[in-house]
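A.B. asks: Keeping the supplied structure of chain A fixed, place chain B upon it in accordance with the hints.
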Amino acid sequence: MNASLTATVDGERLGLVASGAWTAERAAELEKIVDDTADRYAAARAIDIDLEKLERLDTFGAWLIERLSRSFTTHGSTTRIVGLSEADRGLMDEVRLTNRTPVAASGRLSPLLAMLDGIGRAMAESGRSLVLLAHLFGALTRATLGTVAHPTRLRLTSMVHHLERVGWRAVPIVTLSTFLIGAIIAQQGIFHFRTFGAEVYVVDMVGILVLREVGVLIVCVMVAGRSGSAYTAELGSMKMREEIDALRTMGFDPVEVLVLPRIVALIVAVPLLTFLGAIAALYGAGLVCWLYGGMEPDIFLSRLREAISVDTFSVGMIKAPFMALTIGLVACVEGFEVEGSAASLGQKTTASVVKSIFLVIVLDGIFAMFFAAIGM
Amino acid sequence: MTANATAISVRDLTVGFDGTTVLDHASLDVFEGEILGFVGGSGAGKSVLLRTIIGLLPKRSGTIEVFGTDLGALDDEGRRAIERRWGVLFQQGALFSSLTAQQNVEFPIRENLKISPQLVAEIALAKLEMVGLDANVRGKYPSELSGGMVKRVALARALALDPAIVFLDEPTSGLDPIGAAEFDALIRTLQRTLGLSVFMVTHDLDSLHTVCDRIAVLAERRIIATGSIEAMLASEHPWLKSYFRGERGRRVHH
Chain A
1 MNASLTATVD GERLGLVASG AWTAERAAEL EKIVDDTADR YAAARAIDID
51 LEKLERLDTF GAWLIERLSR SFTTHGSTTR IVGLSEADRG LMDEVRLTNR
101 TPVAASGRLS PLLAMLDGIG RAMAESGRSL VLLAHLFGAL TRATLGTVAH
151 PTRLRLTSMV HHLERVGWRA VPIVTLSTFL IGAIIAQQGI FHFRTFGAEV
201 YVVDMVGILV LREVGVLIVC VMVAGRSGSA YTAELGSMKM REEIDALRTM
251 GFDPVEVLVL PRIVALIVAV PLLTFLGAIA ALYGAGLVCW LYGGMEPDIF
301 LSRLREAISV DTFSVGMIKA PFMALTIGLV ACVEGFEVEG SAASLGQKTT
351 ASVVKSIFLV IVLDGIFAMF FAAIGM
Chain B
1 MTANATAISV RDLTVGFDGT TVLDHASLDV FEGEILGFVG GSGAGKSVLL
51 RTIIGLLPKR SGTIEVFGTD LGALDDEGRR AIERRWGVLF QQGALFSSLT
101 AQQNVEFPIR ENLKISPQLV AEIALAKLEM VGLDANVRGK YPSELSGGMV
151 KRVALARALA LDPAIVFLDE PTSGLDPIGA AEFDALIRTL QRTLGLSVFM
201 VTHDLDSLHT VCDRIAVLAE RRIIATGSIE AMLASEHPWL KSYFRGERGR
251 RVHH
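If you read the sequences in order, they're chains A and B.
If you count by our numbering, then the first sequence holds residues 1 to 376, one letter each, in order.
If you count by our numbering, then the second sequence holds residues 1 to 254, one letter each, in order.
Only chain A is shown next, with the shape it has when bound in the complex:
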């Protein structure tokens, strides 16, 4: 079945005969035919469109005929449609009513303006997310005070459940990663310090680096990726399905019910994981020093005892709960920001992980300045 449109010109009169199947499958060629015809005979004053030879007509064909007829009538010509079968009349009438409101052309910005627009929006957005962070921190503080005043309101079951998920279940992967990091730092240290004959100082480097910085950072990155993203996705899908609104209407404070147990679990879990991580990293470093650097374990231990103090250990441990709080707050804020769509859930989960890791690093920098100032 071919679709075609044949034209016969008779003075000012133009006769168009449509034949064949005017359907979706032929829409591409039909569109071309219709546009060409409209261009070529733009000068015609009176047009008859004869549909008698049509074999099949669907919305695509009907719309193209309507479009053709409209292209003539906008020039002030008169168009008649003849030979329309009873079966297709309803469809043509229906189509005639559509596309009457012109599509408003969306204002396009120039590339430079679009770039500036993007930067401006991004700045406003980051400002807004800081405000939201402060909001949630305030709400969390209030919920904590409320719980301290009425300890029975503490959701112990929920807290223990989250503690198991973010703490206990994270132990294998966190210890494995930190073990490897410790081993790698020691190996690199030995390899490069050997040229100066300063292999013994590898122990100092590993001890200080792992306990003060790397241990807690690695743990936080793992926790942000593992648990922060899960928090965002959970709260986000609860928001999408109106579960959070349901909680609110039942008189519960979502911050107290959902956020507080999650963040408390993180604040408890991250220091514990940091402690375990530091041990695993030192163990990995010791093993590498022994097997690769040829340093006996008791020499490693005695060297380590001289290199580090309780302060070194405390610095890492003091940072851990603050970083946990940051990760938890960012994850929950992003979760509450999720809107109706699946894409938004994905975006916010990504944003949660990226922002929390970034803020953890910023916080680490602030702590470094603080500890330097107080001489720790």
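Treat the hints as calculated values from the structure; they're not laboratory data.
Treat the hints loosely; a few may be bogus.
[Said to hold, decoys possible] Among chain B residues calculated to face chain A with C-beta under 8 Å, some are:
id, residue
1, S98
2, E111
3, L113
4, K114
5, L119
6, I123
7, L125
8, T193
Every residue gets a Cβ at the ideal spot worked out from N, C-alpha and C, and that includes glycine.
C.D. replies: Below, chain B without anything else, positioned relative to chain A:
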């Protein structure tokens, strides 16, 4: 309207999961140009039959023919050609949440036909207007639409490629009675203008009375009856009696 040619013909269809059999040698015909109402108890397997016909669930045995073509004997190419001839309205709409109403309708057109973006947009808007939505809905995301609007956009998407068959899974569930009646009328109008065959899973007795040409009943793992609403009301089968002439059924009827 030729009432004799079959659009869909299901023969001895058996479908099951693990140990349970949901459909046992079920047979059903949908004629061209009719609206078939498909009823059955909750969990009786209505959606299973629907999903098996459109190929979302595997069958154990039996044949499904659409326009005389056995779906089981088709290669990928032939399957795609058949799939373009039907549209499905899912119960919850199943609109893509990251696309606007207009983009949702444009999606199947854009993917299947090589036509200019302008024509794609015009057809999509025409479909949205045909299902009774006005132009300012086009830029909205599904989360910004009401339940009735979501169903209408989903119907416009199901009709995007001018299918010959439309499957509707509980189209009026979750709509208020006025909205449901309007939706029924819309289905009837579109069925007439576009010459559609409609397979409608429904629980809505009003829909069964007002728009369905024929009714098929699924119970005891097979199709126990097909026929007009009058035939259903006259039947003495205990399940049909309690469904159509129970307390709720009577209220609609009288």
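A.B. asks: Taking the hints in turn, state whether each one holds.
C.D. replies: To see whether the hints hold, each was checked on the structure:
{"no.": "1", "hint": "S98", "in the structure": "4 Å, holds"}
{"no.": "2", "hint": "E111", "in the structure": "12 Å, violated"}
{"no.": "3", "hint": "L113", "in the structure": "5 Å, holds"}
{"no.": "4", "hint": "K114", "in the structure": "5 Å, holds"}
{"no.": "5", "hint": "L119", "in the structure": "5 Å, holds"}
{"no.": "6", "hint": "I123", "in the structure": "6 Å, holds"}
{"no.": "7", "hint": "L125", "in the structure": "5 Å, holds"}
{"no.": "8", "hint": "T193", "in the structure": "4 Å, holds"}
Checked against the numbered hints listed earlier, the structure breaks hint 2 alone; every other hint is satisfied.
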